[in-house]
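If you read the sequences in order, they're chains A and B. For what it's worth, my numbering labels the leading residue of the first sequence as 1, then goes sequentially. For what it's worth, my numbering labels the leading residue of the second sequence as 1, then goes sequentially.
Note that these hints are calculated values from the structure, not bench results. Accuracy of the hints is not assured; some may be wrong.
Stated by the list, open to error - In silico EDC-like links for lysine to aspartate or glutamate, alpha-carbon gap of 20 Å or less:
1. B:K37 x A:E69
2. A:K186 x B:E59
3. B:K37 x A:D45
4. A:K167 x A:D183
5. A:K167 x A:E154
6. A:K20 x B:E28
7. B:K49 x A:E154
8. A:K133 x A:D122
9. A:K20 x A:E55
To be verified - Restraint ranges, calculated between C-beta atoms of paired labels, are given here:
10. A:G70 x B:L290: 39 to 47 Å
11. A:S149 x B:D45: 18 to 26 Å
12. A:K133 x B:A31: 31 to 39 Å
As the list claims (entries may be wrong) - Here are some chain A residues the structure puts well away from chain B; computed CB gaps all over 10 Å:
13. R62
14. S151
15. E154
Just so it is clear, the structure is predicted and the values come from calculations on it, not from any experiment. Beta carbons are placed, not taken as given, at the ideal position from N, Cα and C, and that holds for glycine.
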Amino acid sequence: MTITSVQDEIWALRLQRGEKSAINGLVERHNDALLGYLYRMTGGDRALAEDLLQETFLRVLRNIHQYQEGRPFKAWLYAIATNAARNHYTSAESRRTDSAASDDLPDVPDEHQADEDLIHADETQAVIAALAKLPDHQREVIVLYYYQSLSAAEIADALAVPVGTVKSRLSIGISRLRAAMVDAQKERDA
Amino acid sequence: MNRFSLNGHGRNTASKPEPPAPAVDHAEMEAVGAWLKTWDDPAPDADAKARLIDALYAEPLAVPTASKQARREKLVSPASLHESSRKGVAVRQAWLIVRAQTRMIGMMTWLASLLVLGLGFVVTVVLQQAYLTGSTSTLPFVLLSPIVSAIGIAFLYGEDSDPALELELAAPISRRVILLARIALVFAFNLTLSLIASIVVTLIAPDSFALSAVILSWLAPMTFLSSLAFLLSVLFFQPLVSVMLSLTIWTVLVARHYFQLPILSDLRLPDLLHVEAYPLLFAAAAICALAAVWLADRESHITHEWGQS
């Protein structure tokens, strides 16, 4: 157990005790990383990611009494964030209209931008498209591993699956992304 | 335009066999990682963070009860980070997990164990004169205990015997812990029944049997056969296969010990039910149990690979 994870636990236990000041510590430490995770899980929709971030922290507050001492707080937090994202899409699926279909992707650089920016934007688009094509369970593992730098054990804890399953999903996800990466490079070269 | 949609795979596929995982080398992982990193992190927004903290402060916190408050005071104190206080939490968690698993074990498992061992005990007592020859391993319940325990344990594992497997896999407890909790329950139940039977038998015929000898005569084979059944269940993921193999092995061991069949003698099969072989049985039981626990989280790969071949 690292010192930072112990600090997380202490903040969580202080929240359980009713000390609201612990919120500052938890938000300061996890806000940016968690926003990054939800940003990727929503395909780059910053506004939605911020909504889900707030929803995640609100769920932490509402369910802090369920937090079990000894369980890594970070894994618990990402489990809540993952569920918040899943719930959003589950409920959104039933009432979704296509009117806002174009708001899922981040702003793309316009024609006045430099070539390098355009190439970078193309790469970003290709990455977003490749991640979007992955099944949810593979995308979750890939994002947590590459962008959030969680270990396989931490991902397993957050997603409530065995470590072997995490590794398997990671391998398959990487293979698919590798294929998408090669395709994207071919398209760019053509 | 690509839309992101979480279609529920994340949770529901946890119990399904994963597709074969392709071999991925380090260079490939690095290349994909570098490519993914071309998608930049969202820029930090201090105002948004401040708004978030304000919103969280506006949210009322559930006030803990006095007893919970006292317990948490203790946990938050510096001493709580000491290993000894964590052990108390671990023991309580273990107890809660074992207690929860009692509901997951079918009533038939308990009833079958009780019925078979009960009948074996009744036969032992009714025909006690025939068995009061000083040979503890001829007692009917001694022959039944290992196989009853093994069958009970064999049916603890596998999708067919566990309709709630998907739900369990969604819980923040590993499959190993769930399995160990169930095995501990079933083994402890059969152990208790066999212990009671042993005590009663030695009380009925104190001159013929020593309690320790009676207990050892079923404890070693029962431990071995239960661990073996557990390992076979994990390996094959089919309780019936595990049961059939356990029954076969037990039949061979009994035939070797009691009937001295020529074919078994020709094969130079060791007599594992002889008292001198008990340490070997305990050691084999420990190895089987450790192997099964180690393999438990890998079963989907094993079964899948075998299914592919």
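Hints, verified against the model:
For the hint linking K37 of chain B to E69 of chain A, the alpha-carbon distance of about 34 Å lies beyond 20 Å, and the restraint is violated. A threshold of 20 Å between alpha carbons decides the hint, and for K186 of chain A with E59 of chain B the separation of about 51 Å lies outside it, so the pair is violated. Between the alpha carbons of K37 of chain B and D45 of chain A the distance comes to roughly 17 Å, so the proposed pair stays at or under 20 Å and holds. Note on K167 of chain A and D183 of chain A: the hinted pairing is violated, with a Cα-Cα distance of about 24 Å set against a maximum of 20 Å.
Simply put, K167 of chain A and E154 of chain A have alpha-carbon atoms about 12 Å apart, close enough for the 20 Å limit, and the pair holds. For the hint linking K20 of chain A to E28 of chain B, the alpha-carbon distance of about 45 Å lies beyond 20 Å, and the restraint is violated. Distance restraint check for K49 of chain B and E154 of chain A: the Cα-Cα separation of roughly 25 Å exceeds the 20 Å cut-off, and the hinted pair is therefore not satisfied. At roughly 16 Å between alpha-carbon atoms, K133 of chain A and D122 of chain A fall within 20 Å of each other, so this suggested pair holds.
Between K20 of chain A and E55 of chain A the alpha-carbon distance is near 17 Å, which keeps this suggested pair within the 20 Å criterion. Checked against the hint of 39 to 47 Å, the C-beta distance between G70 of chain A and L290 of chain B comes to roughly 24 Å, which is inconsistent with it. In this structure the hint that S149 of chain A and D45 of chain B lie 18 to 26 Å apart at CB holds, the actual value being about 21 Å. Look at K133 of chain A against A31 of chain B: about 18 Å separates their beta carbons, and that is not inside 31 to 39 Å.
At roughly 7 Å from the closest C-beta of chain B, the C-beta of R62 of chain A falls inside 10 Å, breaking its exclusion from the interface. Against chain B, the non-interface label of S151 of chain A holds: every CB pair exceeds 10 Å, the least being about 14 Å. Listed as a non-interface residue, E154 of chain A keeps its Cβ farther than 10 Å from every Cβ of chain B; the least gap is roughly 12 Å.
In summary, the numbered hints that this structure violates are 1, 2, 4, 6, 7, 10, 12 and 13.
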